[in-house]
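Protein chains: 4
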Amino acid sequence: MIKVGIVGGTGYTGVELLRLLAQHPQVEIVSITSRGDAGTPVANMFPTLRGRVSLNFEDPATAQLDACQAVFFATPNGIAMHQAPALLDSGVRVIDLAADYRISDVHEWQQWYGMTHASPEWVAQAVYGLPEINRAAIREARLVANPGCYPTAVQLGFLPLVEAGLVELDHLIADVKSGVSGAGRKAEMATLFSEAADNFKAYAVPGHRHLPEIRQGLSRVAARPVGLTFVPHLTPMIRGIHATLYARIGPQRSFDVQALYERRFRDEAFVDVLPSGSHPDTRSVRAANLCRIAVHRPQGGDMLVILSVIDNLVKGAAGQAVQNMNIMFGLPESTGLTQLAVLP
Amino acid sequence: MIKVGIVGGTGYTGVELLRLLAQHPQVEIVSITSRGDAGTPVANMFPTLRGRVSLNFEDPATAQLDACQAVFFATPNGIAMHQAPALLDSGVRVIDLAADYRISDVHEWQQWYGMTHASPEWVAQAVYGLPEINRAAIREARLVANPGCYPTAVQLGFLPLVEAGLVELDHLIADVKSGVSGAGRKAEMATLFSEAADNFKAYAVPGHRHLPEIRQGLSRVAARPVGLTFVPHLTPMIRGIHATLYARIGPQRSFDVQALYERRFRDEAFVDVLPSGSHPDTRSVRAANLCRIAVHRPQGGDMLVILSVIDNLVKGAAGQAVQNMNIMFGLPESTGLTQLAVLP
Amino acid sequence: MIKVGIVGGTGYTGVELLRLLAQHPQVEIVSITSRGDAGTPVANMFPTLRGRVSLNFEDPATAQLDACQAVFFATPNGIAMHQAPALLDSGVRVIDLAADYRISDVHEWQQWYGMTHASPEWVAQAVYGLPEINRAAIREARLVANPGCYPTAVQLGFLPLVEAGLVELDHLIADVKSGVSGAGRKAEMATLFSEAADNFKAYAVPGHRHLPEIRQGLSRVAARPVGLTFVPHLTPMIRGIHATLYARIGPQRSFDVQALYERRFRDEAFVDVLPSGSHPDTRSVRAANLCRIAVHRPQGGDMLVILSVIDNLVKGAAGQAVQNMNIMFGLPESTGLTQLAVLP
Amino acid sequence: MIKVGIVGGTGYTGVELLRLLAQHPQVEIVSITSRGDAGTPVANMFPTLRGRVSLNFEDPATAQLDACQAVFFATPNGIAMHQAPALLDSGVRVIDLAADYRISDVHEWQQWYGMTHASPEWVAQAVYGLPEINRAAIREARLVANPGCYPTAVQLGFLPLVEAGLVELDHLIADVKSGVSGAGRKAEMATLFSEAADNFKAYAVPGHRHLPEIRQGLSRVAARPVGLTFVPHLTPMIRGIHATLYARIGPQRSFDVQALYERRFRDEAFVDVLPSGSHPDTRSVRAANLCRIAVHRPQGGDMLVILSVIDNLVKGAAGQAVQNMNIMFGLPESTGLTQLAVLP
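Residue numbers (the numbering used here), protein chains in the order written: chain A, 1 to 344; chain B, 1 to 344; chain C, 1 to 344; chain D, 1 to 344.
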């Protein structure tokens, strides 16, 4: 049994981590912290866990997280960069679900996140936790930067095309739609039911923090800078991300996109390439650690349209974090992650 | 008072027409037909109209529609092309909310709609009822082809750019999201609440019937063929269309897009260009005859992002039809169309 | 034109008041206040009002509300009791949409609302603004206490039975379901989309503040104390209240409930008794100032089931407030309140 | 491994059975039938099952269901009564998720269901599959009539009170709210997204088929006829039932309701009595085989209010069916039923 701790378990990624870890056959949750809710039984805040998780939230100051083998940070951005180094130094392996270690260029990170990085020395050592690209490095990683939800859906969707060098890389477009839980469990006006229900809107068109993360990931794969227009939208559903990706075919125009995708992801347990002509819906991955992808070339033209769906809280956050943990600790990658999606 | 009739008033565009016309100060609804529901009081099917609309649905065979000055067809595709000509011949002016007369190329229409056109001679005479482009022609029209919902949002969004010749016209992209009412009031599995709620999906990526309509409209404006990738999505909301439009700037790269849009729509009562940096949400036009538009140029790059929202049942269907009627009959264009959007 | 002011226009009842008043043919809105948003154009906060309401929010300290003929308080509980008296003294007529003047027993009010009443002398002068009961008094009122949303639906539903003395009054039951907008436009966790969507729950079963208000109203009608169990529920919709009311028939068991209700409300413009056997849905009154009621006596037993629906923001708040204003100023009661419900 | 078959797997209870059985460690699904979809891979209809369920739907005429040890009927009412007897005769144990064998009084059943019963001789042998009441009989049963969704929530909620004889039994009230999936996966107008979303309504107030089922169950427990008013409502959510139950306390007025409920369900794995003062929400059991209950006595009066929530597709249908199967085959009752509820 792997002894794990969770820092900051009161948000949606926190409770999703708890759901997955509480059902994981090789994990013992030994500690979960929350500054504001120390002392409260976890199951009081999240009645879904009644009878299954008997821990109380602990004060971060007194929790013995260094007795864990793995610690997940399910905190807002800017917390892990302060607290992770001490744990890492004491030998704990850390998976950060926030953005602190995702961007290699510390200067760029500081611009997008509006704070000074507290542990830039760890940025270089952090491994970007997208297993479909970085599996080997994750296995050895002491610190994993778990990808953002949008970046997971977009990178997996573009990956085979960019690897194969088959599309123009200067004008990729990612039009992405997210369920409201992506905004987190925070009391904010914009995500009230009466504001977000029966409504749809784009946001952050001038620039969203996930843009540099996606650009970095695709540029690494391409081994050259990639140009990307990224437009996120708020959708009146709880969970789910649907990425609609547009890429123009390069000079070599006759290739089998469907076969390319099927080949690329053949051995991936958590990426499912749908049959030609499909349209994945977000509920097909609801509550499951899966990315489903369909590829289209409308009217045989030179524009490819890739559809990529994930559950933002699972493959886009907590599920991918557990997948990373499985890899880091040498477990079969699917351990504890075989739940079927919930439909309807 | 204009005497109006409605053919096929049992769908969502039908009941929306009734809502608008029943409150229109210059209209008398004299007849509404439905083959299946003849004899049923309209207010029995739509309790919202109790006490306000006292008509019964009439059998189309016996309804005296030729006593009307204007007849709206709120029927499925393929009905108006059979029934409108007789009315037109007897001097009635017709507004077809279906697609029968939208595509000038009858051959292309037949391919996309899978039927033989029954009155191709009227296609040439029909005026495409997008007032912001065709106001003068609508004024004189005997037959108006009311635009589709997607085509309204997309064409209005691209219009100033295409008119000004400022963007590459071969690779326009329209990523559009529609509320479920756009699928009509038909008992179908895919639009059941339990299928469409808390879910999001693209559909018809290989080709949607609104593609040729949009392409035709933009090509006319551009006076050359336009290339368009059009991806519609089903969104878990009742009303609303959100078009996210992508266009690459052409050689002349320094111009003020915001000013261009404001100038183009300055005199339009039903197009509202939002201040720079805005993100319109669909509810801002819910139940109102309005298109709201915002323009973006992320990070000052060469890709423009235009956001365009309408209520698919109002500016995307019934409201635009009433707007066309107002123009045809010389009324102030806003008559009966001043309802404020309903928020929240 | 009646010069009106609004205190606290940033909540949902505030924006709904603005929607109704901006379309009211006999009203000029001269001032709207908000402490936190003074200086902000109203249409910036609520884009639905762009081009139609050109006011800025004003600081309550400097707004000249005493130049108004009528002032609406769309504030949280406990504001009007401080600010209304000065306006009243200067001759302004006041309609309070909050609860400050609804409960005649100041002691009981203080217990339920947890504060000391600042102007108990005005409580006795306030008229409870349910026109269907109090029309004559409202006409002369200087201060109208606009009823709560639940109390409106429940009192109108029970009214004919209680007036007629036909049911046992000690064990009335009101099982009531409200849309989330009833909780107001406040950044709170419990009404986030991700908490309230696809979910249903009762709340405040031990005691809700609307209980004494309903009990007071029904007891006045009955001229004796009434026993009521009141259970409110949070429903994943934006607008709408559905009250399911249970009353046991008294000794006189043969009477025509349907006829009783139709007779009672025959002359009421805003109460619609549906045909026998009906089930009103909340959308049948969405955005309209209406209460629709259906009466049932399942299997001919001794339990009556009354179904009563309103839009909580219209007949349950802003619409009823405008109705009261119309009465107070001698206008036809329906002036500015004839909008048809929005379906779908 | 228990070899199981499913008759009629294309509805929501069918796909939920598949989700649970595909993850059940002691089950092998050997056949699933559908007349209309024979030959179609199950995973084509339900992409959530891709890679996990490799069966095709089989024609009921040729499927070898008699090779199964257990067969679930997830069919519309009136199918199992024809097809189950032959399977039963060949030694297969049958769990019917429809209503065919729920009502012991065949005459009453025929009245409510509007058809002649095809196998009344099996009605007497069928065991009503509510484990919390009938566990011993279920263990030996050849034919289990799996309870309806409403009846499960209502009976479990009233059970301790009725067993203890502490409330008046002539006027029980069950005001129950259901998610739309309770209406099944059928193309019907009333359950379209655009009809059911952002809307709420009661239905079948004059009489619903679950009324006699609940009455029968509670009357058996009480050993006397029970009077019940049952009002179901359609709620804009996918899954979930919330029963709000009202019972008047009898002469013996001082007892501890909370303790009564906790004692009664102490050993039940799938009934969770919440702490005093709680309000369970339906999502706390979403996708989990659980009934959560809270008990209230508002203001210390003589009316008890019981809140009981289930997921209509799990504890209200497929989960309870698997629970019954576990009991019938001597497995630990929780086998394959330990999934945590999905929140948010």
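The hints are simulated quantities; they were obtained by calculation from the structure and are not laboratory data. A hint or two may mislead.
[To be verified] Dumping the calculated DSBU-like pairs for lysine-lysine here, alpha-carbon to alpha-carbon at most 30 Å:
#: 1; chain 1: B; residue 1: K186; chain 2: B; residue 2: K3
#: 2; chain 1: A; residue 1: K186; chain 2: A; residue 2: K3
#: 3; chain 1: C; residue 1: K3; chain 2: C; residue 2: K186
#: 4; chain 1: D; residue 1: K186; chain 2: D; residue 2: K3
#: 5; chain 1: C; residue 1: K3; chain 2: A; residue 2: K186
#: 6; chain 1: D; residue 1: K3; chain 2: B; residue 2: K186
[As the list claims (entries may be wrong)] The following residues of chain D were derived to be distant from chain A, with all beta-carbon distances above 10 Å:
#: 7; residue: M1
#: 8; residue: L49
#: 9; residue: A259
#: 10; residue: D281
#: 11; residue: S284
#: 12; residue: A288
#: 13; residue: Q339
Note that CB positions come from ideal geometry on N, CA and C, so glycine has one too.
Hinted pair K186(A) and K3(A), Cα distance within 30 Å | Holds, at about 29 Å.
Sort out whether K186(C) lies within 30 Å of K3(C), counting only the CA atoms.
-> 29 Å, holds
Separation of S284(D) from chain A, once the least beta-carbon distance is taken, above 10 Å | 4 Å, violated
Is the Cβ of L49(D) more than 10 Å away from each Cβ in chain A?
-> 7 Å, violated
Restraint check for K3(D) with K186(B), where alpha carbons must lie at most 30 Å apart | 40 Å, violated
Consistency of the no-contact label for A288(D), given chain A and a CB cut of 10 Å = 7 Å, violated
Interface-negative label, M1(D) against chain A, beta-carbon threshold 10 Å | 18 Å, holds
Pairwise hint evaluation, K186(A) against K3(C), where the allowed Cα distance is 30 Å at most | 40 Å, violated
Regarding the assertion that D281(D) does not contact chain A, is the least Cβ-Cβ distance greater than 10 Å?
-> 8 Å, violated
Evaluate the condition: distance from the CB of A259(D) to the nearest CB of chain A exceeds 10 Å.
-> Holds, because the least Cβ-Cβ distance between A259(D) and chain A comes to about 18 Å, which exceeds 10 Å.
Given the hint that K186(D) pairs with K3(D), does the C-alpha gap stay at or below 30 Å?
-> 29 Å, holds
Determine whether the non-interface label on Q339(D) survives the test: each CB of chain A must be over 10 Å from its CB.
-> 7 Å, violated
Violated hints, in rising order: 5, 6, 8, 10, 11, 12 and 13; the structure is consistent with all others.
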